[in-house]
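Enquirer: Starting from the structure of chain A, add chains B and C where the hints point.
Chains as they are written, first to last, in our numbering: chain A, 1 to 89; chain B, 1 to 773; chain C, 1 to 164.
Just so you know, these hints were derived from the structure itself, not from any lab.
The reader is advised that the hints may include incorrect statements.
List of simulated lysine to any residue pairs, SDA-like, C-alpha gap at most 20 Å [claimed, not checked]:
1. A:K18 / B:E196
2. B:K638 / C:A133
3. B:K12 / C:E96
4. C:K4 / B:G41
5. A:K18 / B:E201
6. A:K18 / B:V194
7. A:K18 / B:A367
8. C:K4 / B:G70
9. C:K3 / B:G70
10. A:K18 / B:T426
11. C:K4 / B:A124
12. B:K595 / B:G514
13. C:K3 / B:E131
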Amino acid sequence: MARVFIPTMLQPLTEGVKEVEFQAANVRQVIQGLEERFPGIGQWLTEDGRIKPNLAVAIDGETTSMGLLAKVAPDAEVHFIPAISGGGK
Amino acid sequence: MVSTAENKTQYKVVGTRPIRHDGLEKVTGQARYSADINLPGMLHGKVLRSPHAHAIIKSIDISRALALPGVESVITSADLPQPSGRVADLGEGAMMNPKFLSNNVLASDKVLYKGHAVAAVAAADQHVAEEALGRIDVEYEVLPPVLNAVDAMKEGAPILHERLYTAENPFVRPGGLRDDSDPEGGSNVASHFVFELGDLEKGFAEADVVVERGFRTKAVHQGYIEPHSATAMWNRDGHVTIWCSSQGQFAMRDQSALILDISMSQIKVIPLEIGGGFGGKTLVYLEPVAALLSKMTGRPVKVSMSRQEVFEGTGPTSGSFMKVKMGATKDGRITATTATLIYEAGAFPGSPINPGVQCMFGPYDIANGRVEGYDVVINTQKTAAYRAPGAPAAAYAAESVIDELAEKLNIDPIDFRVRNAAKEGTRRLTGPVFPRIGYLETLEAAKNHPHWSAPLEGPNRGRGIATGFWFNGSGPSSATASVNQDGTVSLVEGSPDIGGTRAAVAMQMAEVLGLPAEDVHPSVGDTDSIGFTSTTGGSSVAFKTGWASYEAAQDIKRQMIERAAYIWDVSAEDVDLTDGVFHHKSDPELRFTFKELAGLLLETGGPIVGSAAVNPGGVGGAFAIHIADVEVDPETGKTEVLRYTALQDVGKAVHPSYVEGQIQGGAVQGIGWALNEEYFFDDEGCMTNSSFLDYRMPTSLDLPMIDTVMVEVPNPGHPFGVRGVGEVPIVPPMAAIANAIKAATGVRMTNLPMSPGEVLKALWDSEESKNSD
Amino acid sequence: MSKKIHVQTNINGLDVDLLCESRQSLLEVLRDVLNMTGTKEGCNDGNCGACSVIVDGRLIDSCLMLGVEAEGKEITTIEGVAYTHGLHPIQQSFLENAALQCGICTPGFIVAAKALLENEPEADEGRVRHWLAGNLCRCTGYDKIVRAVLDAGKTMATQSKSES
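The shape of chain A in the complex, shown without the other chains:
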């Protein structure tokens, strides 16, 4: 079961629920799973069929560059955090 953390700012949409666990093999399924439980939450996470460009997905603490295609291992932790760009962007 993936352990999916709800960002603080989206917790109003989940009535305060901070994390949920369900089966998901990749980030696309994570977002589908969230949308099933909390209808409407998906629009804050994706846009035009992709992860929002200002958003990063961290799986087990590691930011992925694979977007919706990123694989989620069983028992992995999934976080949605604002993307960070360094001295760079």
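Expert: Structure of chains B and C alone, referenced to chain A:
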């Protein structure tokens, strides 16, 4: 000094100190930087800048300028396509509102800061171009400016962008503009967001001591010595070549294409050497202007900034207002913390509030916390990234409060940090847990360092420490390498080299191929000759482009093993490469040095080119601890840095000299930020210190040697254990020096810079309050 | 455009005839008229030292001198520091000490160091820091630059002893 925590792997090239490949050109003056290009028939451009911090542009009359002999073209934003306010995705999270980007390059309806570009001229030489600027007649309706975030957030404050709304969610991209039909809008707060963890009430209830403080920092400039310059040639077929120095030739291409509304493949950006960037050369300023002037005139055009234009027209980093509250138990365990950070974005949204909030408590394991951030526009220069964007100010606040807690609890400040240190598995306040990090090892190294135990005698002297955290970045990166018949390898990579990364990238290839570092010849490719590579930033290059180089080397190795097997008529599985020699695993007669095999390539099947394109994860965060000794002159308030030691977990130092250099340079930029540097504005919002005389960066005379300790806790996410090293060293210095000033004088400085006047004022205030007690 | 003036000068040991406007600085003349771009512009107001050259034995910021004032002078720029068949000890020392990062200030530092060490090869750290205070570097924190200059001074002192 290298302190190896657990790194037993021995490398032949990685970890050595060869002379950098581009060194000779740079010590002889041959290296070509952005302004060093002169093309036949070239015109010179100059930019007219706003004298007002906030005004409506009523009209621009260019006729008198055009009439000046030698003037070939004058452009304004009317000559640029005006993009919509919908945010464009430039790839890799580089979100950008094209309207803001374009309006920063040339103002359209309003000027939003003194120095904001309004028009540009191309003329026979720069003196004529300068004369012509005085003949462009702009009619302004001057508006009251708002010059700091607190004022900008007040009811009734002057509004910069009438349609800007506050994004109450980190997942709404910053800088949203409402549709023109929407009557709402008109806020200077571009975004507001919160992170929470645990139970604050419970956390503060458990605390025996609580410290609460407010802090203010000012805008500071990156201070690169090379002013911006761009040269463009718009060819008759609609293709444009741009020569410039930047931290990312692809970013310059893509941003220019967006502003000029042409396809990115119509633009070729040729990266010249970059004379310092520190984050400040990641946005276009002159490139689209030079391109448009060239289009108008049919000739190459070079546009260069003066130093005053660099200060007034390019990004400093944000000033900030911060509040921190933190509680701890008597035995030194932090139980809860809250923080509110307000960052000044300058004229357009996009301060580094996000990384500031996310890095702020990175070094600590805190179960209960809440951090809140605001991105606020004001009538000053649009801010740009500056080394560990957002983190230094936040760390100044956090580390000052932690110092005060340790002092109140009478606990050694390193021990206090050890008791609360983040380690592998620690859940960060922002959610994710840390992988293997080297913070504790670095704290141990600081504790054991002779500086920490050295006596510090004499009046008005004090010692302070502070720590810092930076995520480190990655991103897409490409490398191509060709084997030369003489046994060397020519490597083309996509990362502009600000501080010696050609060497670090080439050395990783040399390590794989068993070659000396000098036998890999690195160069930085233009946008038509190397695959997409994300900007040099986020301390990413030695990691991501090093990785691309490593993979390209593996590609060469594989092909050369196959070639050797083909020549020997054996199975490739039986051939290996060891210390630069291809050999059969069981037949000692069958061996080729790399050079011997390279010499045979053309007649045995053709040349070998290795390539790789990567987008690696696994960056691993960076931690730094700095120790500062200062002496404060009670007569003048001047602070002198007597001794300075910077310790850092560097993963694996590929070229230790340049890692040390990054640490020393970052520390000294931080010392400048701590003690001297700031943007001064008059009441009308005009910067009053836009020269190196008045914006005082540290000189060699202001500093001691900067001792470094590289703690090597290899990053498990990289083939050689590399972690980014370039940014985190600017995070601790401000707090380290503030804490040292506290130790020296008993006065805690909560505003930056801690310039002589400010320190003196604080000393007098403290005297007064003592006398009145 | 204003009328140009004929200037005869000597740069890096070569006699040079050039035409420049009276308002052009020596820095502009070097970079834009002679295409000698090794001398860098960092501030154009004498506060960063990136444009350091040696004129008749004196270290100056070339942005603060007019091109026409070069008449009859002997000028050394970064392009004239290396020997025909090798680097000057200061250049070699900058490479060996990794005393440069982006490299934009490097020509100015090397020229400034040359002006010091040719007269005082045994200058100590304090003297070197004082002498170089007119040259700004934003990358290195000066540590490795100061070490490189001290090392080069030792080499030059040895060389001049062995020559004498």
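Enquirer: The structure should be examined with respect to each hint, and the outcome stated for every one.
Expert: We went through each hint and held it up to the structure:
1. A:K18 / B:E196: 10 Å, holds
2. B:K638 / C:A133: 18 Å, holds
3. B:K12 / C:E96: 19 Å, holds
4. C:K4 / B:G41: 19 Å, holds
5. A:K18 / B:E201: Holds: K18 (chain A) and E201 (chain B) sit about 17 Å apart, inside 20 Å.
6. A:K18 / B:V194: Measuring from Cα to Cα gives roughly 14 Å; hence the hint holds.
7. A:K18 / B:A367: Judged against 20 Å, a Cα distance of about 15 Å means the pair holds.
8. C:K4 / B:G70: Measuring from Cα to Cα gives roughly 16 Å; hence the hint holds.
9. C:K3 / B:G70: It holds: about 14 Å lies between the C-alpha atoms, which stays within 20 Å.
10. A:K18 / B:T426: It holds: about 18 Å lies between the C-alpha atoms, which stays within 20 Å.
11. C:K4 / B:A124: Given that 20 Å is the threshold and the Cα spacing comes to 15 Å, the pair holds.
12. B:K595 / B:G514: It holds: about 11 Å lies between the C-alpha atoms, which stays within 20 Å.
13. C:K3 / B:E131: Holds. K3 (chain C) to E131 (chain B) sits at ~16 Å (cutoff 20 Å).
In summary, the structure agrees with every hint in the numbered list given earlier.
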